[in-house]
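Protein chains: 4
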Amino acid sequence: MSSFGTLYRVHTYGESHCKSVGCIVDGVPPGLRLTEEDIQVQLSRRRPGQSDITTARSEFDTVHLQSGTEQGVTLGTPIGLLVHNKDQRPHDYAETDLYPRPSHADYTYLAKYGLKASSGGGRASARETIGRVAAGAIAEKYLKEAYGVEIVAFVASVGRVLLPFAKEGDDEVLGKEYLDLLTGVTRSQVDKEITRCPHRETSAKMEETIRAAKANNDSLGGTITCVIRNCPVGLGEPTFDKLEAVLAHAMLSIPSTKAFEIGSGFRGTTFPGSKHNDPFVDGVHPVTGERVLRTETNWSGGIQGGISNGEDIYFRIGFKPPATISQEQPTARYDGSSGVLAAKGRHDPCVVPRAVPIVETMAALVIMDMVLQQNARTASASLLAPVTHLPPTMVLPGKDTVTKVVNGDAQGEVVQNNKSGDE
Amino acid sequence: MSSFGTLYRVHTYGESHCKSVGCIVDGVPPGLRLTEEDIQVQLSRRRPGQSDITTARSEFDTVHLQSGTEQGVTLGTPIGLLVHNKDQRPHDYAETDLYPRPSHADYTYLAKYGLKASSGGGRASARETIGRVAAGAIAEKYLKEAYGVEIVAFVASVGRVLLPFAKEGDDEVLGKEYLDLLTGVTRSQVDKEITRCPHRETSAKMEETIRAAKANNDSLGGTITCVIRNCPVGLGEPTFDKLEAVLAHAMLSIPSTKAFEIGSGFRGTTFPGSKHNDPFVDGVHPVTGERVLRTETNWSGGIQGGISNGEDIYFRIGFKPPATISQEQPTARYDGSSGVLAAKGRHDPCVVPRAVPIVETMAALVIMDMVLQQNARTASASLLAPVTHLPPTMVLPGKDTVTKVVNGDAQGEVVQNNKSGDE
Amino acid sequence: MSSFGTLYRVHTYGESHCKSVGCIVDGVPPGLRLTEEDIQVQLSRRRPGQSDITTARSEFDTVHLQSGTEQGVTLGTPIGLLVHNKDQRPHDYAETDLYPRPSHADYTYLAKYGLKASSGGGRASARETIGRVAAGAIAEKYLKEAYGVEIVAFVASVGRVLLPFAKEGDDEVLGKEYLDLLTGVTRSQVDKEITRCPHRETSAKMEETIRAAKANNDSLGGTITCVIRNCPVGLGEPTFDKLEAVLAHAMLSIPSTKAFEIGSGFRGTTFPGSKHNDPFVDGVHPVTGERVLRTETNWSGGIQGGISNGEDIYFRIGFKPPATISQEQPTARYDGSSGVLAAKGRHDPCVVPRAVPIVETMAALVIMDMVLQQNARTASASLLAPVTHLPPTMVLPGKDTVTKVVNGDAQGEVVQNNKSGDE
Amino acid sequence: MSSFGTLYRVHTYGESHCKSVGCIVDGVPPGLRLTEEDIQVQLSRRRPGQSDITTARSEFDTVHLQSGTEQGVTLGTPIGLLVHNKDQRPHDYAETDLYPRPSHADYTYLAKYGLKASSGGGRASARETIGRVAAGAIAEKYLKEAYGVEIVAFVASVGRVLLPFAKEGDDEVLGKEYLDLLTGVTRSQVDKEITRCPHRETSAKMEETIRAAKANNDSLGGTITCVIRNCPVGLGEPTFDKLEAVLAHAMLSIPSTKAFEIGSGFRGTTFPGSKHNDPFVDGVHPVTGERVLRTETNWSGGIQGGISNGEDIYFRIGFKPPATISQEQPTARYDGSSGVLAAKGRHDPCVVPRAVPIVETMAALVIMDMVLQQNARTASASLLAPVTHLPPTMVLPGKDTVTKVVNGDAQGEVVQNNKSGDE
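Residue numbers (our numbering), protein chains in the order written: chain A, 1 to 423; chain B, 1 to 423; chain C, 1 to 423; chain D, 1 to 423.
To be clear, the hints were calculated from the coordinates, so they are not data collected in a lab. Predicted model, so just to flag it, every value in this text is computed and none were measured. Any given hint might turn out to be false.
Any copy, or any two copies together, can satisfy a pair, since identical chains are not distinguished.
To be verified - List of simulated lysine-lysine pairs, DSS-like, C-alpha gap at most 27 Å:
# : residue 1 : residue 2
1 : 344       : 192
2 : 86        : 19
3 : 214       : 176
4 : 344       : 176
5 : 19        : 275
6 : 214       : 275
Full structure from sequences and hints, please.
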């Protein structure tokens with residue numbers, strides 16, 4: 001369906017040539033300061049025409065809030081919003097319409113629905129992502145204000161040009177240079193490069209390879225890494241909605257994605273447990289400064305048993321090369337006859353630079369929904385009287401009871417309540 | 001939550017030391033022949049103690065159907081089923097209980113819930129998977145009977161021992177030897193090897209490496225490939241529930257998983273569109289023999305635009321090395337103090353052989369739910385009168401109307417379909 | 001949440017003074033002819049200002065389709081639509097803002113969200129119903145075309161002026177005059193009366209009583225009866241989503257509703273089983289003409305065991321008198337101080353005439369969703385091979401097997417059905 | 001589906017003659033003291049054979065917890081539980097099997113699924129309610145401990161024997177005697193009467209009328225009133241999941257129910273707004289003693305705009321006379337031929353006494369789920385910085401900001417957090 005989330009929920013509509021694309025966002029906490037500008041930032045990072053290595057189409061994608069806020073504050077009611085489509089003309093017939101584009105959604109949409117939009121596999125269009133980017137931008141705002149959450153994505157590879165993840169043959173799970181990016185990179189550093197790869201040298205090579213592909217009427221795939229910092233402990237709903245499972249779902253719902261890995265990912269499968277386990281150490285919470293358990297390494301990617309542990313959550317997503325290329329491709333027409341297709345029009349030779357804000361906002365949607373679900377649990381559990389008979393092996397050592405674990409002193413002090421949500 | 005699916009839905013309960021583990025399966029079509037034996041097969045492939053390279057615990061995991069069938073036929077009502085736990089004793093206190101196991105769910109469960117089962121991160125236990133394997137086994141039965149769907153998973157790597165995916169430096173997306181496995185391998189071939197890697201030579205090396213890890217009180221990760229053959233065209237619900245997105249969700253909800261890739265996956269991101277696109281060709285449907293469009297290559301992995309295209313769906317999942325090892329690990333206790341942990345007991349040195357049926361049944365759950373959703377659409381659309389004014393570019397060439405696309409001849413036969421709706 | 005339905009799903013946004021109100025409708029079958037005019041009809045029946053006994057505000061409520069159709073045909077993708085609000089001015093401060101209106105949503109919205117729209121309990125506004133009416137109008141169109149479903153609602157009482165349901169003290173569950181209305185009344189008959197009560201004599205009394213209330217700055221409650229004819233057999237999802245349960249949910253989600261009864265309702269509880277049971281008789285299907293079991297009486301209201309039986313579904317809904325009246329009411333201010341409130345502005349003295357299309361379209365949303373769910377089941381079950389060993393007491397007499405029940409001849413034809421699933 | 005709830009969710013399985021009936025309860029807050037005895041109480045009030053005016057079958061319905069608790073405390077993980085069926089024999093063929101019982105689920109189950117359990121419309125059996133009663137009993141325990149919520153249901157009418165709701169022709173919406181019951185009646189008072197009508201005189205007449213019906217091989221309908229006291233303010237999710245809408249859904253999912261009314265209900269529709277509105281007064285919270293707005297009358301039934309206002313929530317449910325009677329009934333067989341059916345076996349002549357705990361526990365399921373949803377909102381909103389620019393008409397007078405509304409002082413004092421859930 002065109003809905004995502006349980007308590008924080010976005011519903012999207014729209015495709016390339018209809019009147020508008022937009023969404024309804026339900027479950028936004030009341031009292032959040034929110035203006036169109038907060039949303040516009042990510043829409044503008046997503047829009048086409050930002051540089052000569054993305055599509056030359058230029059659409060401004062101005063967001064229009066319809067409901068759910070007053071005087072710049074959210075009311076807790078659904079937020080309707082939309083972006084008008086510049087080009088609403090019905091698609092003109094073209095010779096290319098006789099062909100399902102190879103590796104595109106044309107054929108499968110037709111097979112699924114029995115008919116299709118004249119412009120092709122409508123909802124598979126990248127234009128559909130506008131709604132989710134907008135909804136995710138609202139989630140980001142809340143998460144930043146309430147918990148100090150930071151979400152930063154960047155391009156990690158384009159074709160065969162890769163960031164230095166690790167030195168080949170190395171005995172490290174991941175190399176220091178890459179880990180440093182995870183720890184420190186900012187959105188403004190990412191946006192300094194038109195490739196959105198924040199490693200100057202690699203970025204230059206990426207530009208070169210993208211320009212070569214473009215000149216060749218070809219396209220390129222790539223990967224994006226995303227890191228979520230200061231994520232509250234305890235997010236993720238066992239057993240089917242483990243945090244990494246829902247993140248994978250979110251990421252693979254982005255057009256053109258084909259792969260997802262959390263933490264050490266596929267590379268981590270080649271290491272023994274003794275090297276891969278993340279030992280615990282005494283530490284402090286990065287936002288609140290409280291003493292908490294931390295891990296020395298973080299090959300788990302901030303998630304253990306499907307639940308966030310407070311370390312940085314990081315993952316990588318693979319994007320295939322865009323299917324629409326203007327090179328000639330021998331392929332069958334809808335009627336089965338053989339032919340040669342050369343797509344017309346302006347297309348992204350490589351989508352990963354523009355996909356960066358989509359990845360970030362989808363991550364925000366997931367974390368936001370999980371925060372609401374976990375807050376429901378901790379707020380409700382905090383109202384129960386302390387249980388005093390449990391053995392210490394079932395509760396955090398040094399605490400006598402579950403409610404003490406959750407509430408501090410419990411009796412009069414549901415006080416630290418909010419902490420259980422944010423650590 | 002502990003529920004998965006929209007129309008075909010499984011809800012599971014249970015952990016290691018409670019009375020039983022089980023599930024409720026809702027949405028099973030009425031009239032399916034089903035006995036406990038149909039379910040037992042996959043539970044037995046999943047159970048511990050099958051060979052000396054898996055855990056030495058031996059549990060028979062006999063399934064007991066509680067409801068939803070009579071005389072060996074499903075009634076369409078929810079199927080309750082359970083497997084008794086052999087060992088229901090409360091966990092005895094041990095020195096190791098003072099430690100959250102590194103990279104395990106102990107700490108995160110405690111942080112999430114404020115208390116935890118004495119036996120550790122309860123629902124993160126592999127024992128929880130019994131319910132889903134049972135539910136998936138029922139789905140497999142239906143899919144086989146109704147559509148001839150075949151789902152086969154196999155171990156593709158253990159630690160650094162890999163199946164020959166492709167020759168290094170090769171210009172192929174994936175090599176012929178691997179593609180042949182996808183096309184032809186059977187479950188009985190897979191089960192011939194205790195590693196469940198159906199490539200004899202590789203399997204032998206895997207056994208060796210697992211035994212070495214075991215001897216070293218260490219553990220190993222690995223990957224599993226799964227292929228779904230004869231999958232109906234048109235499955236997957238745009239835009240958030242793309243077929244690959246829901247498959248990724250399902251797979252990353254399996255304990256210890258860290259990575260997922262569909263079709264060419266991460267490797268595919270390094271190829272240009274001109275090499276990666278799958279050209280269409282005139283072909284025949286493998287089950288019904290009808291003339292349909294097929295693709296010449298299948299780097300898409302059977303899914304385009306989030307919707308199945310009738311080609312084999314294949315994907316690969318990464319499993320980290322099991323966290324519980326009996327090697328000594330320096331790590332902090334719950335109270336923050338430093339110590340050294342050496343886990344007791346019998347543990348799987350490598351989970352991938354036993355995870356094979358879990359992967360298959362989770363895949364079956366996804367496909368089954370999507371089949372029901374798509375059947376709702378096509379059955380309902382088939383009752384509408386043909387639309388005759390659409391341009392040929394919006395409907396399958398050679399067909400005039402949507403209902404013709406869906407129903408074959410349509411005109412005189414829309415009537416008949418009516419029945420399925422009202423009786 | 002602001003979503004309703006499982007497979008046919010509407011999400012709404014908007015309140016009184018925001019830019020627009022609208023919805024996204026997901027799950028519309030592809031290939032349905034649909035234009036804005038199809039939707040406008042019910043919106044216009046719902047809009048304020050239709051007669052002097054409803055509110056004097058006049059808004060035209062013109063619907064604008066945003067997506068999901070092309071050339072007047074649905075694509076199967078989400079339909080976005082909206083109606084601009086004429087009056088988007090922020091609410092001006094008034095003395096009355098110091099008061100929560102008695103029996104209104106002002107206080108509870110504030111308590112729930114911590115803040116509220118300046119115009120009052122925003123989403124509780126009748127204006128919110130525009131989205132659902134639009135979504136229901138689309139469902140009505142489908143149900144009419146695919147199954148010949150007719151949904152007609154009418155006003156059954158206003159204050160103490162009632163339609164003749166039954167003669168008092170009578171031994172009939174419901175009287176003939178009322179039953180005849182259920183069987184035969186049409187929307188055009190309903191619309192002939194400005195009260196929307198299709199019984200001339202009663203309608204005249206209703207008008208009189210409404211005008212008296214209006215003159216007295218007071219308001220009146222009332223009831224609406226709705227009948228669904230030609231509803232397919234087999235709708236309703238046991239056990240929590242029984243058809244009457246979901247209808248009750250839908251109806252009591254309409255603003256101002258306080259009561260729901262299906263079939264004989266509360267009155268039926270006073271009759272013994274021997275009088276209340278509906279005996280079966282041999283009959284014919286009203287649309288297809290097939291021989292089917294019918295019932296002689298229909299006190300069940302077309303639903304038995306939570307599942308439709310093919311007879312007319314009828315139910316009645318109670319609406320309280322509107323809370324906003326311009327009479328002076330002694331009541332506390334938000335700060336607890338006592339005062340006297342007299343609401344300004346134009347208000348409906350009685351909402352039931354305008355609520356008629358809301359009831360009809362909410363009914364359509366329920367039936368539509370249930371049709372899709374049941375079609376998923378029957379289409380999927382029809383692909384299974386016949387079961388031949390069941391005793392005749394478990395299958396319809398005269399039929400050997402379940403698939404025969406579902407498919408007619410079954411044996412050689414299960415094959416064909418396969419198509420709907422895989423193309 | 002067989003699932004109910006969003007965050008507090010029950011899934012049930014089982015019918016009359018299968019091995020067991022049971023459920024999985026997901027979303028139980030961790031740290032709740034819970035034993036089988038807590039659940040057994042309501043199961044025992046529900047079980048057959050409690051008096052000579054209910055069915056003579058005697059089943060003890062002992063509950064067996066399977067998972068989700070340890071040492072008498074909930075872990076926050078799903079609770080599996082089951083009750084063994086005493087009689088698991090397959091149904092023996094009987095002449096009566098040739099008949100669909102009038103007004104029973106036999107025919108509709110067969111029509112829906114194409115086949116049915118040999119024992120009749122399986123899931124429509126009252127035996128299915130065991131799972132939900134158990135799940136609701138857990139919810140009751142939590143609500144009582146966390147908020148002091150009291151839920152009491154009682155029989156309000158049997159056939160034509162009614163409690164004194166109001167004096168006929170009276171100008172009161174509801175009479176004092178009935179209102180006093182709502183305010184004060186306890187479960188132990190209800191259980192003193194075998195009819196579960198706590199009004200001695202009326203109860204005696206009910207017994208008499210039930211015995212007469214039983215002697216006549218007939219059955220009787222009736223109504224049940226339920227009151228929820230000390231319900232937190234702010235429950236109910238606009239717009240489709242208004243509190244009364246979800247309560248209606250829950251109640252009409254109970255077998256044999258046909259009608260639902262909240263507060264003044266149908267009777268309230270006959271009063272003008274000036275009489276029906278509930279004026280606000282300065283008051284105190286019944287549990288916390290805080291100063292809050294209360295209402296002078298409570299014809300709204302504790303819900304305004306779909307959201308609880310802190311007053312008692314009360315509603316009434318109509319149950320039809322049981323369909324299975326041993327009187328002879330002329331009716332058609334499945335094959336359409338005419339005949340006469342006289343059901344064998346022991347049946348409840350009137351279900352309302354046993355339905356009392358079902359009504360209470362379904363109410364608890366609804367309130368519990370709404371509490372969790374609202375706690376998610378308030379806990380999350382409480383983490384935002386205060387908004388200071390809103391006009392006083394948008395926030396509670398005397399408070400400057402939304403967070404002050406929610407949190408008291410906000411800065412250091414998320415303290416009153418828990419109150420926002422209960423006011």
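We went through each hint and held it up to the structure:
1. In this homomeric assembly, residue 344 and residue 192 never come within 27 Å of each other (Cα to Cα): the closest approach is 31 Å inside a single copy and 52 Å across copies.
2. For the homomeric pair residue 86 and residue 19, the shortest alpha-carbon distances inside one copy (8 Å) and between copies (20 Å) are both at most 27 Å.
3. Proximity of residue 214 and residue 176 under a CA criterion of 27 Å is satisfied in neither setting, with 33 Å inside one chain copy and 30 Å between copies.
4. In the homo-oligomer, the alpha carbons of residue 344 and residue 176 never lie at most 27 Å apart, since the shortest distance is 44 Å inside one protomer and 34 Å across protomers.
5. For a Cα distance limit of 27 Å, the shortest separation of residue 19 from residue 275 qualifies neither inside one copy, at 55 Å, nor across copies, at 35 Å.
6. In this homomeric assembly, residue 214 and residue 275 come within 27 Å of each other (Cα to Cα) only across copies, at 15 Å, whereas the closest approach inside a single copy is 43 Å.
The earlier numbered hints that this structure contradicts are 1, 3, 4 and 5.
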